[in-house]
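Visitor: The chain contents come next:
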Amino acid sequence: MTEQALLKVRDLKVHFELQRSSLFGPKPFVHAVDGVSFDVPRGSTFGIVGESGSGKSTTALAVLRLVDITAGSIELGDTHLSALQGEELRLARRRFQIIFQDPYSSLNPRTRAGDIVKEPLDLMDVGPASERRERVGALFAQVGLRPEQQNLFPHQFSGGQRQRIGVARALATNPELVVCDEPVSALDVAIQAQILNLLQRLQDELGLTYLFISHDLGVVQHICDEIAVMYLGLIVEQADRISLFTKPLHPYTWALLSAVPSARMRDRDRAKRIRLVGDPPSPIDPPAGCRFAGRCPFAQARCTVETPQLRTIFAGHRVACHLVTDDGRAPHY
Amino acid sequence: MDDVPLLELRDVRVEFLTRDGIARVLDGINFSLMPGETLGIVGESGCGKSMTALTIMGLVPTPPGRIAGGQVLLDGEDLLRAAPERIRRVRGNDISMVFQEPMTSLNPVFTVGEQIAETVRLHQGLSREDAKQHAIDMLNAVGIPVPERRVNEYPHQLSGGMRQRVMIAIGLACNPRVLIADEPTTALDVTVQAQIFDLLVDLKQRTGTAMILITHDMGVIAEMTDRVIVMYAGRVVEQGPVELILSRPLHPYTQGLIECVPHLEAKPKLVREPLMEIPGVVPPLTDLGSGCAFAPRCAHALDQCREVAPNLVALSADHHAACWLHGQEQAQ
Numbered sequence: 001m002t003e004q005a006l007l008k009v010r011d012l013k014v015h016f017e018l019q020r021s022s023l024f025g026p027k028p029f030v031h032a033v034d035g036v037s038f039d040v041p042r043g044s045t046f047g048i049v050g051e052s053g054s055g056k057s058t059t060a061l062a063v064l065r066l067v068d069i070t071a072g073s074i075e076l077g078d079t080h081l082s083a084l085q086g087e088e089l090r091l092a093r094r095r096f097q098i099i100f101q102d103p104y105s106s107l108n109p110r111t112r113a114g115d116i117v118k119e120p121l122d123l124m125d126v127g128p129a130s131e132r133r134e135r136v137g138a139l140f141a142q143v144g145l146r147p148e149q150q151n152l153f154p155h156q157f158s159g160g161q162r163q164r165i166g167v168a169r170a171l172a173t174n175p176e177l178v179v180c181d182e183p184v185s186a187l188d189v190a191i192q193a194q195i196l197n198l199l200q201r202l203q204d205e206l207g208l209t210y211l212f213i214s215h216d217l218g219v220v221q222h223i224c225d226e227i228a229v230m231y232l233g234l235i236v237e238q239a240d241r242i243s244l245f246t247k248p249l250h251p252y253t254w255a256l257l258s259a260v261p262s263a264r265m266r267d268r269d270r271a272k273r274i275r276l277v278g279d280p281p282s283p284i285d286p287p288a289g290c291r292f293a294g295r296c297p298f299a300q301a302r303c304t305v306e307t308p309q310l311r312t313i314f315a316g317h318r319v320a321c322h323l324v325t326d327d328g329r330a331p332h333y
Numbered sequence: 001m002d003d004v005p006l007l008e009l010r011d012v013r014v015e016f017l018t019r020d021g022i023a024r025v026l027d028g029i030n031f032s033l034m035p036g037e038t039l040g041i042v043g044e045s046g047c048g049k050s051m052t053a054l055t056i057m058g059l060v061p062t063p064p065g066r067i068a069g070g071q072v073l074l075d076g077e078d079l080l081r082a083a084p085e086r087i088r089r090v091r092g093n094d095i096s097m098v099f100q101e102p103m104t105s106l107n108p109v110f111t112v113g114e115q116i117a118e119t120v121r122l123h124q125g126l127s128r129e130d131a132k133q134h135a136i137d138m139l140n141a142v143g144i145p146v147p148e149r150r151v152n153e154y155p156h157q158l159s160g161g162m163r164q165r166v167m168i169a170i171g172l173a174c175n176p177r178v179l180i181a182d183e184p185t186t187a188l189d190v191t192v193q194a195q196i197f198d199l200l201v202d203l204k205q206r207t208g209t210a211m212i213l214i215t216h217d218m219g220v221i222a223e224m225t226d227r228v229i230v231m232y233a234g235r236v237v238e239q240g241p242v243e244l245i246l247s248r249p250l251h252p253y254t255q256g257l258i259e260c261v262p263h264l265e266a267k268p269k270l271v272r273e274p275l276m277e278i279p280g281v282v283p284p285l286t287d288l289g290s291g292c293a294f295a296p297r298c299a300h301a302l303d304q305c306r307e308v309a310p311n312l313v314a315l316s317a318d319h320h321a322a323c324w325l326h327g328q329e330q331a332q
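Taken in sequence, the protein lines are chains A and B. Per this note's numbering, the very first residue in the first sequence carries number 1; after that it's consecutive. Per this note's numbering, the very first residue in the second sequence carries number 1; after that it's consecutive.
Just chain A, same shape as in the assembly (with noise of 0.2 Å):
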């Protein structure tokens, strides 16, 4: 797998400096993301998922370089993205592209819908200028708008409508990696069916791979290969998507799945599930230990002291608890 990856994340870590509380204090930083590794192979879609905090939208933003890094190293291919400075980077940029959660903020509202899909093509010098209109074209026909809406302005699209027109923007570049920033959490439920397909499709056609940060546990489920969950700036659990599912082994992950209302689940057993009690700690100074010990009902003496690494329990899955076994014997099971 290795070989084929596309993006190797290796020990990230993004630290926030605050302002000191008083005047001879040290200074508090927010370790927002604290030593994350995982790779995304060519062709297929990585998803982290989290609560608000978690760090999973700071590990996008700093994988597609627009937060500082405070440590570790991104490759994509055989670039080393962590290393690349000025105009380097600029134009590395349209290798890698994103999709906005909120299609009524992320679009230009003075500028018209072709436009707003032709700048990334003018930013980056793509091909001659001549054939960009084309391109633009294209690029709105294979997202599901008409080549004619090119001269309408955002507000005259409906927000699915819009979203498509941010998907349109992120692939002008023909880029390799798309991120994908919760692309359906904004819209309405009926719309947001129409824009995973639209991304399955496009994924198939095109050979994207995508970096899928979400919350919707459901969603991820659907589209993504593999998945990490993220818990305080760190991955406590990570499998491809029928292990993740069927056998979760973190008592995180657990509680997260279990927290979600389903239709289709009503028959779970009830009794099973773990209310978690509280919000996450603060990643400003994260407790010592496994920072879920505070929240998780199984912690012992030892969870509190020693940090759990991130350990292989079966082929590709990977779970940072002291209390799950080598054979792969979970606390709540």
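Just so you know, not all the hints are guaranteed correct.
Claimed, not checked - Straight line, CA to CA, 25 Å or less: simulated DSS-like cross-link-like pairs of lysine-lysine: (1) A:Lys247 - B:Lys269; (2) A:Lys27 - A:Lys13; (3) A:Lys247 - B:Lys267.
What the hints assert, rightly or not - A short list of chain A residues far from chain B (calculated; beta carbon distances all over 12 Å): (4) Phe16; (5) Leu18; (6) Ile69; (7) Gly86; (8) Gln149; (9) Asp188; (10) Gly218; (11) Ala255; (12) Thr304; (13) Gly316; (14) Arg329.
Please keep in mind that the hints were generated in silico from the structure rather than gathered at the bench. From the three backbone atoms N, C-alpha and C, an ideal C-beta is built for every residue, glycine too.
Based on these hints, arrange chain B on the given structure of chain A.
Guide: What follows is chain B alone, placed relative to chain A:
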């Protein structure tokens, strides 16, 4: 359960005057809420879910809105025709509402204690001290730790989940008979959402409050409600007990709402199939024409569907649908 409804909507019609003409945002809504029951209202944005709640609460902005007809009966008393002073007494006391956005529905310049106390002082005439004690009790009831301290804090000092708990505490402060929760967990993480739902279920069991839960999430419907109303373009298109609606939905719109969302499965399928799509969007309510409003998006639409809107008819004792594919001949 009683057979006499606590709250009943009869042919409720609400119109809004817009630049493009008259929008019928509620077009003949009929349903009843039994004591102690949880009724779910589901549909896309713009289908009239929230407007139904605002109409019950007497909060439809007029103008541009206008109550064009019908009755909202609380214990037989028509709230649509009651005097404004009477509505003010009912609102927050007999019927209260938890709004969608806990971030914006709390007043940032008052402590959460003051905001809970305001309700009980107004409706139940408690003294300042008693009201504060009541606020502490309510914060305790909704599971906020150290309520004696939290009562003096401002909304910005609380997390999203805590703020929504405060909203619920305000909603329940006067022990209402009907609590309307409009997407009470949309802005929250799933684990916090689960906590809020557990809290609502628990409080409902203790107080016997009937609840109307507005949501777009069929999973929430499945977990929380006894009976479901599916709304589309200002009309009820299907209603029935939650088990029937989920296992045997009749209206193509209900079927679409259930199928178009990727449901979390305990055992995911190896082969991924494309999701079912509901093509298009909710039509503008100003030009609905005479046919079924869903017909342009419906895969099963017949000529008849585009010409005449179907009525909501009973297909079994408690399962109603408004669709030409189901039992309309009985209605003729």
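Visitor: So Gly218 of chain A supposedly isn't at the interface. Is its beta-carbon more than 12 Å from every beta-carbon in chain B?
Guide: Incorrect as stated: the minimum Cβ-Cβ distance to chain B is 4 Å, not above 12 Å.
Visitor: The output says Phe16 of chain A does not contact chain B. Does that hold with a beta carbon cutoff of 12 Å?
Guide: holds (19 Å)
Visitor: Evaluate the condition: distance from the CB of Arg329 of chain A to the nearest CB of chain B exceeds 12 Å.
Guide: holds (19 Å)
Visitor: So Gly86 of chain A supposedly isn't at the interface. Is its beta-carbon more than 12 Å from every beta-carbon in chain B?
Guide: It holds; Gly86 of chain A is separated from chain B by about 38 Å at its closest Cβ, greater than 12 Å.
Visitor: Measuring Cβ to Cβ, find out whether Thr304 of chain A lies farther than 12 Å from everything in chain B.
Guide: At roughly 20 Å from the nearest Cβ of chain B, Thr304 of chain A sits farther out than 12 Å, so the non-interface label holds.
Visitor: Please check whether the beta-carbon of Gly316 of chain A is more than 12 Å away from every beta-carbon in chain B.
Guide: Nearest chain B Cβ is 15 Å from Gly316 of chain A, so the label holds.
Visitor: Can you confirm whether the C-alpha distance between Lys27 of chain A and Lys13 of chain A stays at or below 25 Å?
Guide: holds (17 Å)
Visitor: With the threshold set at 25 Å, check whether the alpha-carbon distance from Lys247 of chain A to Lys269 of chain B stays at or below it.
Guide: Given that 25 Å is the threshold and the Cα spacing comes to 14 Å, the pair holds.
Visitor: Minimum Cβ separation between Leu18 of chain A and chain B greater than 12 Å?
Guide: Its Cβ never comes within 12 Å of chain B, the nearest being 17 Å, so this holds.
Visitor: Taking the minimum C-beta separation from Ala255 of chain A to chain B, is that value above 12 Å?
Guide: Given that some Cβ of chain B is not farther than 12 Å from that of Ala255 of chain A, nearest at about 6 Å, it is violated.
Visitor: Taking the shortest Cβ-to-Cβ distance between Asp188 of chain A and chain B, state whether it exceeds 12 Å.
Guide: Violated, since 5 Å does not exceed 12 Å.
Visitor: Non-interface claim for Ile69 of chain A: all C-beta distances to chain B beyond 12 Å?
Guide: At roughly 26 Å from the nearest Cβ of chain B, Ile69 of chain A sits farther out than 12 Å, so the non-interface label holds.
Hint compliance for this structure: hints 9, 10 and 11 are not met, and every other hint is.
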